[in-house]
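Protein sequence lines, in the order shown, are assigned to chains A and B.
Going by the numbering used here, 33 is the number at position 33 of the first sequence; the sequence numbering is gapless.
Going by the numbering used here, 18 is the number at position 18 of the second sequence; the sequence numbering is gapless.
To be clear, the hints were calculated from the coordinates, so they are not data collected in a lab.
Mixed in with the good hints there might be a few duds.
[Claimed, not checked] List of simulated lysine to aspartate or glutamate pairs, EDC-like, C-alpha gap at most 16 Å:
(1) A/Lys109 with A/Asp144
(2) B/Lys10 with A/Asp150
(3) B/Lys40 with A/Asp55
(4) B/Lys10 with A/Glu151
(5) B/Lys2 with B/Asp31
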Amino acid sequence: MKAAVLQFPGSNCDRDMFTALKKAGADVSMVWHKDAELPEGVDIVGVPGGFSYGDYLRCGAIAANSPVLASLKKHVERGGYAFGICNGFQVLTEARLLPGALLRNAGLKYICKTTPLEVATTDSPYTSAYTQGQHIGIPIAHHDGNFTADEDTLDMLEGEGRVAFRYLDNPNGSKRDIAGILSENRRVLGMMPHPERAAEPAHGNEDGKAFFTSLVDALVSA
Amino acid sequence: MKARVFVMLKTGVLDPQGAAVQHALGALGFDGVNEVRQGKVIELDLADGTSEETIAEMCEKLLANTVIESYRIELL
């Protein structure tokens, strides 16, 4: 299984994502934002957290229009897998690869803490190694993680079982406690919490490890 | 030529920053501030003859996120 992690000026979770994917067994490469093409044969692309292009204008807005995103869109159109964590989720919504948008946290504060989540569906390549309704603790670290979408879109996401994770103790005002969502074909995921920061014993929490093992299992058997 | 683009959160989209400003105005003793909405003003210095359609395209593609924001163009 070949994975690629995108790097923008201002990305700061790229190494963590690289390491988590590698430890789960993926063959991982880094891709610079100016690269117009993804490496040959890439199965899955990770869009990491951080502050791409300084998050100028809006979080993820400039990155969503960068050269590498054009190739990511083609990859997704071909049925390729992609996931965005934190700023990566913002980039994927700005690029319209996922519905909705991330607003400033309702309490206006930057929040950095481990937060309890519920696994809302196990029917995805990212969550199959969890159990339905499982409670896990995953770190969040964001200022703009308040997920919003119009009511019809929220109903659609819930109706199609496309909410991947929910906050048990909504920290940022997200509509319907949504922490992570899936695309229509369930191959693209975006979430604000950071599973890559809870993926090995040294992190003091391994609740995020199953995210990466799910992924590698799904793609190796695919 | 110059143009000014006003970007605002759509009606109904929560504006926590506007709410905080409203609260602060109340704390300063300004009564009767019913609501505050905070947005952005973007000034563009453009080649003469740039059409309003082109500016609208800039708004749609980058300057505003039309999922949550509306925009208004003013030619100066």
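Going through the hints against the structure:
For the hint pairing A/Lys109 with A/Asp144, the CA-to-CA distance comes to about 9 Å; that is within 16 Å, so the pair holds. Taken as a hint, the B/Lys10 and A/Asp150 pair is honoured in the structure, with Cα atoms around 11 Å apart against an allowance of 16 Å. A threshold of 16 Å between alpha carbons decides the hint, and for B/Lys40 with A/Asp55 the separation of about 15 Å falls inside it, so the pair holds. With a CA separation close to 14 Å, the supplied pair B/Lys10 and A/Glu151 stays within the 16 Å bound.
Distance check on the hinted pair: B/Lys2 and B/Asp31 sit about 37 Å apart at the alpha-carbon level, beyond 16 Å; violated.
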